[in-house]
Amino acid sequence: MGGESEMEIEVRSLSGESTTVSISPNTSTTQDLINLLLNLQSSLLPTQNLHLFFKGAKMVGERLISSYHIQPTDFIVLVPFTKKKSNPNNHIQVQQQSDVPLRTSSLADSTWSDLMQDLSSLSDPSTSQCQSHSDLTSERFVVGSKRRKLLRNRFPDDVLNTVLCLNDVFDGKFIEASLKQFDCLSDSVTGECLLLKVLRSGRGRSCVCPRWLKAMLKSFSFLNVFSGFLQMQHVELTLDRLKTAMKQQGLDVGVPDVEHLSILCPQVVRLSGQEIEAVRASDAIVITDPSTESRDQYEAASRKRASVSAIINIIRKRERTFESSLLDAFRSSVNNSFYCSKVSICKNTLSKEIKARMANYVEIPSELSDFTKSILKKIGISRLYRHQAESIHASLSGKNVIVATMVSSGKSLCYNIPVVEVLSQNSLSCALYLFPTKVVCMALAQDQLRNLSLMTEGLKLSLNAGVYDGDTSQEARHWLRDNARLELASLTTLELIQNDGSPSGPKFFVLWNPPFLNTHLSPESPLCSPIMEVSSLLAEMVLHGLHCIAFCKTRKLSELVLCYTREILQEVAPHLVDSVFAYRAGYIAQDRRKIENEFFGGKLRGIAATNALELGIDVGDVDATLHLGFPGSFASLWQQVGRSGRRERPSLAVYVAFEGPLDQYYMKYPEKLFKSQVECCHIDAQNKQVLEQHLVCAALEYPLNLLYDEKYFGPGLNGAISTLMNKGHLFSESSDSSSRIWSYIGHEKNPSHAVSLRAIESEKYKVFDHKRNEVLEEIEESRAFFQIYEGAVYMHQGKTYIVKSLDLAAKIALCQEADLKYYTRTRDYTDVYVVNGNVAYPTKVSGMQQSRANAQANNCQVTTTWFGFYRIWRGSREIFDAVELSLPKYTYESHAVWIRVPQPIKADVENQKLSFRAGLHAASHAVLQAVPLSVL
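In full-length UniProt numbering, the protein residues as written are 1 to 936.
Label pairs and their calculated CB-CB ranges:
#	residue 1	residue 2	range
1	Y829	K906	19 to 29 Å
2	A685	G398	23 to 33 Å
3	S752	V901	42 to 52 Å
4	G632	Y829	21 to 31 Å
5	Y702	S351	50 to 60 Å
6	T865	K906	22 to 32 Å
7	A923	K352	26 to 36 Å
8	Y892	G380	49 to 59 Å
9	G380	R877	49 to 59 Å
10	R877	D240	29 to 39 Å
Lysine-lysine pairs mimicking DSS-like chemistry, simulated, CA-CA at most 25 Å apart:
#	residue 1	residue 2
11	K218	K317
12	K247	K214
13	K764	K556
14	K821	K214
15	K771	K804
16	K675	K352
17	K799	K766
18	K811	K749
19	K243	K214
20	K218	K247
21	K811	K889
22	K594	K764
23	K749	K688
24	K771	K811
25	K804	K821
26	K764	K889
27	K688	K727
28	K821	K771
29	K668	K352
30	K594	K771
31	K811	K764
32	K243	K218
33	K766	K594
34	K672	K355
35	K799	K764
36	K556	K766
37	K675	K553
38	K553	K766
39	K688	K764
Calculated from the structure, these hints are not laboratory results. In this text, a Cβ means the ideal position worked out from N, Cα and C, and glycines have one as well.
Build out the structure end to end from the sequences listed, making use of the hints.
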């Protein structure tokens, strides 16, 4: 075997221990592998006799290892056995007691306990009367006490006897102490956490059972005892009786949890209408609904008279069967998937399969040079999609092109190939790539630079390419400006390419509606939160080994999803905690670059992101996307959905709804979601604030003139120039209107440095980690006071910080990392002042006023005032402290739109003693929810 190539095979024992051996699969048999294991003298081998199993089938001794097609991720199970010895005297001999402890399986434990308990029930002459506590001792185990350890009972016999012998009214106080013990799925003999053995992780911890599993154990345990009590009373177990008992007990579980018990363990818990299998009807817990007609078949079983010991035996059997079912479900789940997300919400989902699309290929255009064709061959492209060929042909023909095809359709090639073609043929040519918004710009630019570098690597083409953005150093900026010739041309005509020829794999789209109105949970319960649902799903994807992006509408939501996801992973798979990060605007460039590279490279498995990862970045092989609420437009939704399933791979998208009206509308009418067209985007090219900032920059490069520049800047040029003159940014020496020019005289040497391409504000606050003296984030002034103020809890990459100080003059916040169990929320209000007086509701109303509502618009000033903040406990969301704040107000100019409610309607509302202002407030929320359906 020395000359053969060897493979490593993982071998596991039934107890969860494992070892790895190297063997030549083409020349070695199963028996060779057994001999190799025996020579290891490993703790996996309690005996010299063993069998090997692969994927549930016993491996044959003389069969070659290669015939089993064992993959690197597969493993073999080792099962030891004891050979039977024949007795020549043919009579039974009693084995002498040995000091060596015997190894017994859980099945043997369960069978032995069932036997002993069944024997004990036969010895009870009573059929209905209760016994004293002393009668129910553990003597029934004496027969086997010398052979094996006693089983550990969660409910002591005396407790069960007391509860079962109560008269008429069930009193849960007797089992309160015992219920607290149901906090771990543990071994019945040793008391060790069974999940620790399966996971082989959680070193140093006594239990790794998640909260939902503990709640399931407690829920079943209560149900198990309560069912036994009703059987002693000869009373049927109904949903109403169960609800009442659980409410009186004050449990944090309820009827929906019990319904899921019937899914987890149908052999033990059954709802009316379900067929009973595997156990007798008298042994199963059958919950009936008086409103149905199927209860008659269970009445006879519920009225069957039984002794206390017999019912206790049944309770014990159900307990063991249930725990065994939980463990089996856990073991059978792929990559521990069952372990992470609670199944209680699965019934509130709707799925739709979006069919795969076939590719429409064409030959590479003949007008391309041999050099460009060699580049295509180098990157493995022998044919093009139809829209790619049409776009390339139009671009090389001198046309301005817009490509409007699906996400992940290879649009980058539509402009990269013409650029490479021109640059390779003309050494004086140059190209300028413009991308939207700062964060997306940087990610996209880095992505495109990476693609171009790969395309031209090793070829005689010097691109002198670089990224020019807010993070580019001054030295690099100077080099790029000096070594590049940039030309901008107006787009007089456009060639629209929309015949999408790209393929796509099948996509499974799931609408996931959390149970907001569960009566068994308090409104503050985190299980009701869509944030927790998305966090659980993201952790689930990571545990499956999938690469996933969870899209969130705000920066804070992305931080919360990251925080909760890491908490879940910390419980079940601590080694995966650092495989999940957040990605959003505000992070410093180095952090974003690191996250991009590690996610694109496959090191990271999950990202909680804002729309910063929405646009055309090639994020690699993403398997699934999660969407926390409707993102605001169909364009955004389908852009996000398109991040997964590239290169014809199947993919998954899950839209988790908030309880707001828009999300619930799509949950109720999913066809509206799948059949609606992408919105038409309207741009205000005459936005006054944007225009003024551009004019300042333009005037620095070349003086402005109304006669020549109005065609570029529009009819608002004259008014904008007047405003800039009054502000001291522009100056003109001439008074002749036709030849008059305006030059820049402002204080800034380079006014472009103060202009943001993604926002109309330039002032930012910096957040420093006080201990490390590192910048964590830069926050725009308009949103700064919502996140940073003295005493604020600030979140960054799943970690919590407390803001220690805020320097308003320097615009610097110092924070310190802290493990906090609460979060903060500002107390603020916003005033909208419509310019030019009170025009929303004139004091005088003409008699000719129409009865229908009409929309109005005008310039306005928006002012936000912060006057304090709340400290709120996580989980319960209870406000436990209110703190006052003194912060500057923030005011900016905008454009207001409002709807006048006719005066007759106002009068009718007030005549009915209703609050007109409250009605307006509710109507405004309804309008805000409906606006995304019509306006982008």
